[in-house]
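Protein chains: 2
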Amino acid sequence: MLPKALLSRGAALAALDLSLPVRTAQRAASSVTIPPPACMLQPLEVPTRYLFGPGPSNVSPRVLAAGGRPIIGHLHPEMYQIMNDIKKGIQYAFQTSNNMTLSMSGSGHTAMECAVFNTVEPGESVLVSINGVWGERVAEIAERMGGKVHTLVKSPGGHFTNEEIEKALAKHKPVLFFLTHGESSAGLVHPIDGIGDLCRKHNCLFLVDSVASLGAAPLLMDQQNIDILYTGSQKALNAPPGTAPISFNDRACHKMFNRKTKPVSYLLDMTHLSNYWGNDGKPARDYHHTGPVSGFFTLRESLAILAEKGLENSWRQHKEVAEYLWKGIEDLGLKLFIKDKDLRLPSVTTIAIPEGYNWRELLTYMMKHHQMEMTGGLGPSIGMVIRVGLMGYNCSKPNADKALAALADALKHCPKSKA
Amino acid sequence: MLPKALLSRGAALAALDLSLPVRTAQRAASSVTIPPPACMLQPLEVPTRYLFGPGPSNVSPRVLAAGGRPIIGHLHPEMYQIMNDIKKGIQYAFQTSNNMTLSMSGSGHTAMECAVFNTVEPGESVLVSINGVWGERVAEIAERMGGKVHTLVKSPGGHFTNEEIEKALAKHKPVLFFLTHGESSAGLVHPIDGIGDLCRKHNCLFLVDSVASLGAAPLLMDQQNIDILYTGSQKALNAPPGTAPISFNDRACHKMFNRKTKPVSYLLDMTHLSNYWGNDGKPARDYHHTGPVSGFFTLRESLAILAEKGLENSWRQHKEVAEYLWKGIEDLGLKLFIKDKDLRLPSVTTIAIPEGYNWRELLTYMMKHHQMEMTGGLGPSIGMVIRVGLMGYNCSKPNADKALAALADALKHCPKSKA
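Chains as they are written, first to last, in full-length UniProt numbering: chain G, 1 to 419; chain S, 1 to 419.
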């Protein structure tokens, strides 16, 4: 059978000729017994959705177009230039001058594992603050690789005072302290000021997760003495998931490049990744793994959009739209899960589940009738909240109005239990 | 500054309103000190290339278009359907009925680490055959996670007899034996028949890397008793890099789901990944990590193209085009690195570096004057070969002619040393 679909749809790259001499009489020696699956002979179907949950958020046409461009090799000089641009774009977004700045070839969890695997050696003490799902994940990752994990725990929506943190630093003497800046499972933006200083005082690295907050809430890596910072591509940056910016300062580099043992993962070993990103000062970049070329195109484009817009404009935009959304939610008679305005994450708003309603029914209704995603809680916040995310490209008052209209409609049409 | 580029270029998704009330007088409390980088205010530039190296290969317009489609959430039912389709597409491409079939959210190295991390526990014996770079990588991965690694080594281009393999299996009693089917660094396709039986006899899992061979050379996972098989998206499948199909049979599942210790990586833990792919029989899929939505769109499309074309047609196409290329290379007076025709990988051809020539100059010449990528060796084969890949979408006689013309031109114009 000739590759019909290719021939009919492949005209744009005509230079790559496809005319194939196919002999139908000859049969390969080895025998295929499993036939082509019927589903694979159907076209790819993707519905249009308002992605107003905690991410992935909608990808702008400009970023989608970047992802649909013909690729080049992952080791071509032009790809290195694109990676250099990405590095500069991340430095701007993170507000850091760290040389050791790059993107992971994977989602935020890849960055999370990379940070822990490279800076902690088996047997070393790690302190993890848990006030939602992300701390739970880091504790599990650090435990698996042999770290001695200590935790500071609050229920979802809670946060830690600098006094609590310093007490735990003094007690557990960790090499690494983890904190989530944007706790998207609870809708909390955690205060950062002063914690980096405490970590320095106690000879500990300060690792911050900004997957849900980057570009949406003020964060200044260098000024706030954050030693390791990572984020994801699919939130306020509005690129498809699959890349994750990360940066290590000199303190972090000193720790991770003076290890006694190799990191347990070859794929996530920063010795190799730093070379792949041209950060190690060596003249040549060696082959380590094949980076997601199209993913890097989209990440570059999304970082370019942020640079054009300006970080402070982006922060202000998220704050204003979030405040508008919060007011609208309260006008509907709903309660916001995070009471203190200053602790509310501007990118992901958590609504306390209204009494008498089944949250799953509300979400299902909005998906069915408004093609709109909002989500429930995650990990410890399941059953406590409904989450609404308006991030980056999605962050506008008209979109907030759409979200509010869908919520109002769901509240009106979903049955309320007679408790 | 208004996001001009977004406003002017974002018309296609007009429903997602972008009108932003930006107040220029107000200033955020925290202060941005690092300005937007100049490079980020320049457009993304990507040259057009013939990717005739060992991969990534050119992506067809149809697959690129799939990657440029608006995304949906990674946990939407429609995404699960796309993942189910991908699973069926991989089962066809691998010729397996294994339920535990899925795609990694990462490149082939992610699949490599996943296979080793899940099936080996610290202290267990692993046997790795090394006849190029891939075995070296697996040995390093297994060593880092605490495996007792034994190796069978040949120089690049060499292969192992079943007798040699059985002797090593009997001696080292490994729980896992690794072999590369398509050794792209040397251009060798390794015989597979009988090895799976030997592994069963010696109570060992048979792990095969088919990153460079899948769809190009016959491989039948179930019939050949391969316990774990993985590949990459960016070779004969012609999707962008960033996804990696993998499959485990019941023997492999029994080993990996009856461990005493947890795998060292949370991200690559098959307990979680099997749930994410709906393979564990549980009614709900939990959030584990955010999969590369666009990457899965492209992988589905590339597997659909293979299903439409037919696996046997694809194998035949690669064989015919490779034979045509090999003859053309010999007609140029060049020597093929792998002498035995039956051991030559149809997707990636290795040419012995012609005497008197600097291989780097030849490659640079073709890139500069023909916009064509061929590559040198990799790992132990560096300085031994030039590699030409014509895979999937790129696999045609007219493309072979283009490659031969570029080679002839480079040989004519690059200076030959007077050795």
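For the record, the hints were derived by calculation from the structure and aren't laboratory data. Please note: incorrect hints may appear among the correct ones.
[What the hints assert, rightly or not] From the derived model, a few chain S residues whose C-beta atoms are all more than 12 Å from chain G: (1) E78; (2) F94; (3) F117; (4) K148; (5) H150; (6) T151; (7) D222; (8) Y266; (9) N279; (10) E301; (11) L303; (12) G328; (13) N358.
[Stated by the list, open to error] With the C-beta cut set under 10 Å, the calculated list includes, among others, these residues of chain S facing chain G: (14) L51; (15) T110; (16) E140; (17) M145; (18) G194; (19) N203; (20) G242; (21) F297; (22) L404.
Predicted model, so just to flag it, every value in this text is computed and none were measured. Quick reminder that beta carbons are idealized off the backbone N, C-alpha and C, glycines included.
Hints and how they fare:
no. : hint : in the structure
1   : E78  : 6 Å, violated
2   : F94  : 9 Å, violated
3   : F117 : 8 Å, violated
4   : K148 : 16 Å, holds
5   : H150 : 18 Å, holds
6   : T151 : 16 Å, holds
7   : D222 : 8 Å, violated
8   : Y266 : 5 Å, violated
9   : N279 : 16 Å, holds
10  : E301 : 6 Å, violated
11  : L303 : 6 Å, violated
12  : G328 : 15 Å, holds
13  : N358 : 16 Å, holds
14  : L51  : 6 Å, holds
15  : T110 : 6 Å, holds
16  : E140 : 5 Å, holds
17  : M145 : 6 Å, holds
18  : G194 : 13 Å, violated
19  : N203 : 26 Å, violated
20  : G242 : 3 Å, holds
21  : F297 : 6 Å, holds
22  : L404 : 14 Å, violated
The structure does not agree with the numbered hints 1, 2, 3, 7, 8, 10, 11, 18, 19 and 22 stated previously, though it agrees with the rest.
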